[in-house]
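Enquirer: So the chains spell out like this:
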Amino acid sequence: MPRPEAYPSLGRRILHRVWGFLASIETCAWLSLAFCLAGAAGSVTMGRYPGLFGDMDAGAFADWFARKGFLDPAPTSWLYGLLLATALLAANTACCTADRLVRLFRGAFPARRLLPHVMHAAFLCVLLACLAGSLYGDRIPGVSVPRGMFAPVGGTGWVLRLDRFEGGPPLPGYPMGPAASVTLFRDTTPLARGVVRANAPLFHAGYGIYLKKYGTTRWGVPYAVFDVNRDPAAPAALAAALLFTAANLLYLIPSRRSDA
Amino acid sequence: MSAVQLLLFWMSFAAYAAEAVLRLVGASRATGGKTPLFAGALLHAGFLGMRWGIEGHAPMAGLFESLTVYSFCCAVAGLLLLGNAETESAWKPMSVLVLLPQAAAALLDKRLVPLSPELSTPWFASHVGFSLLGYGFFTAGLALGGVYLLRGGEPVYRAAGKSALYGFTAFSGGMLCGGIWAYYAWGSYWIWTPKEIGSAIVWVYFAALTHLKFLPSQTGWPGWTKRVEMGATAAGYAVVLLVFPGVSLLLRSSHSF
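Chains A and B, in that order, are what the protein sequence lines are.
The first sequence: position 241 = 241 (our numbering), numbered continuously.
To convert a position in the second sequence, counted from 1, into our numbering, add 1000.
Honestly, the hints are just simulated from the structure, not real lab data.
On a predicted model such as this, the values are computed, not experimentally measured, just so you know.
Glycine included, every Cβ here is placed at the ideal spot set by N, Cα and C.
Watch out, some of these pointers could steer you wrong.
[As the list claims (entries may be wrong)] A few chain A residues that don't get close to chain B, going by computed Cβ distances all over 10 Å:
#1 G11
#2 R17
#3 P73
#4 D99
#5 R112
#6 R139
#7 M149
#8 P190
#9 R197
#10 H204
#11 G208
#12 L242
[Stated by the list, open to error] Which residues of chain B face chain A? A few of them, derived with a C-beta cut under 10 Å, are:
#13 S1120
#14 S1172
#15 Y1183
#16 T1193
#17 A1200
#18 Y1205
#19 A1207
#20 G1231
#21 A1232
Whenever a hint applies, use it, and build me the whole structure from the sequences.
Expert: Below is the structure:
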């Protein structure tokens, strides 16, 4: 007479198979291939539909997706594929790590075998940070301010003043480029003041003010155009990426002695 | 000073060419420090160091400098991975793969270029340097993967595995530095352009490749044998070509300054 557990229920068998599929490295290989193919299709398609994809970075990704993600399914199909492959890769990574960690903790194991799973966890944290930034980030593009004038900064309630603009050619050896001195106000109270230039934004309350373009108005007054962005999950993404790098480097050390 | 650095460039080119010719005619079986490739890499390092000093920034701006640094990274990867007699068979393709970008660079304008303000940051050297080092290891993967497919050999297989792992590590470092730089330059560590998507493709491809060795061999398609893994390692070079020169030259890119 066979024991009852020798015949697991249909539900358990399905669950077991789904778990096996999601935790499998073979699934990882196929999902990665799907990601690469969808991404390659997207790289080509984006340039052909500038009206559709040209403003993807003008706002938080979730806002763009809500506006344009379902407008034209054919040229955006690569994006559905890319997002689906990414989501399944995240599930695959989580299941793989959970599956292996249970086995690892049941027996004695070298600490080095944990490192790939630290990298998996860090990868998942980066993906979650990207998701959070896409949902809760804020991007205010094209804040254009002539010198000495003010411009409202989206829905923040702030006003940006361009105090001074130096847009001359960079000095040899000191390629700092154009520099915009700005002051950020709420009503008449100054909140922050600084010089914005390439690679040097002004940060205030989680927002960064970035110099994007500059020129001269038809009346001869210099003006500058700023993007104002906030990504609440960026520090978390950086911390996770640093953790990934540290685990990756530690993984290399023994591999130099005993092969990768 | 400018003439000296160009002389070093041409001498390293000559050394790489000598290495490739000697390998192709079967006149050399030396490895490591006894090869013209090693001498070429030393001369090449001297050229890059001198140019860095003259320009005041990392010599990685423009197509000429990108190609010659890529060639140098290929040479470094080859010397690190093919350092013993057991992997000697991969030196022939590797010497050609080192020579090709250097030869392409030799055809281009070699004038010193001032750095645009956008590139004037330490993240530029780290992002581009790590990325090109990753590409160098991935290129070594083509030589090693190809040789394994033709002749087999466990040392070649292990060296090819290292090429993927080391390249992935270097490329991940490049992505990290690029992400930090992008956050300071554009206000986001990720933007939707073909170059960024291409970088993600390279990263995911080689991340998956480092996992393949853990798959048990199976019968039936695709089998997940060492040959499949080595085929994917060699094919990684095509992915690199599509993203490194391909996207930058053929598509509108966020990396055009």
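Enquirer: Determine for every hint whether it applies to the structure shown.
Expert: Hints versus structure:
No beta-carbon of chain B is positioned within 10 Å of the beta-carbon of G11 of chain A; the least distance is around 28 Å. For R17 of chain A, the non-interface assignment is confirmed: its Cβ lies about 17 Å from the closest Cβ of chain B, beyond the 10 Å cut-off. Against the 10 Å criterion, P73 of chain A stays outside the reach of chain B, whose nearest CB is about 18 Å from its own CB. Residue placement check: D99 of chain A keeps its beta carbon more than 10 Å from all beta carbons of chain B (closest about 13 Å).
Annotated as non-interface, R112 of chain A keeps its C-beta farther than 10 Å from every C-beta of chain B; the closest such distance is 13 Å. Remark: the non-interface label on R139 of chain A conflicts with the geometry, its nearest Cβ contact in chain B lying 7 Å away (cut-off 10 Å). Interface exclusion of M149 of chain A from chain B stands, the closest Cβ pair being 22 Å apart, more than 10 Å. At roughly 22 Å, the least C-beta separation between P190 of chain A and chain B is larger than 10 Å, which holds for a residue marked as non-interface.
For R197 of chain A, the shortest C-beta to C-beta distance to chain B comes to about 7 Å, within the 10 Å cut-off, and the non-interface label is violated. Distance check on H204 of chain A: its Cβ is at least 13 Å (rounded) from any Cβ of chain B, clearing the 10 Å threshold; non-interface status holds. With a closest Cβ-Cβ approach of about 5 Å to chain B, G208 of chain A is found to fall inside the 10 Å limit, against its non-interface label. The claim that L242 of chain A lies off the interface is violated: its Cβ sits roughly 7 Å from the closest Cβ of chain B, which falls inside the 10 Å cut-off.
Nearest Cβ of chain A to the Cβ of S1120 of chain B: about 4 Å, under the 10 Å cut. The hint holds. At about 6 Å, the closest approach between the beta carbon of S1172 of chain B and any beta carbon in chain A falls short of 10 Å, and the interface hint on this residue holds. Checking Y1183 of chain B against chain A by beta carbon gives a least distance of about 6 Å; that is within 10 Å, so the hint holds. About 7 Å separates the beta-carbon of T1193 of chain B from the nearest beta-carbon of chain A, less than 10 Å, and the hint is met.
Annotation: A1200 of chain B was flagged as interfacial toward chain A, and the flag holds, the nearest CB pair being 6 Å apart, inside 10 Å. Given hint, Y1205 of chain B at the interface with chain A, holds; its Cβ is 5 Å from that chain's nearest Cβ, closer than 10 Å. For A1207 of chain B, the interface hint holds, the least distance from its beta-carbon to any beta-carbon of chain A being 7 Å, beneath 10 Å. Taking 10 Å as the C-beta cut-off, the interface hint given for G1231 of chain B is violated, the closest approach to chain A being about 13 Å.
Look at A1232 of chain B: its Cβ gets to within about 9 Å of chain A, closer than 10 Å, so that hint holds up.
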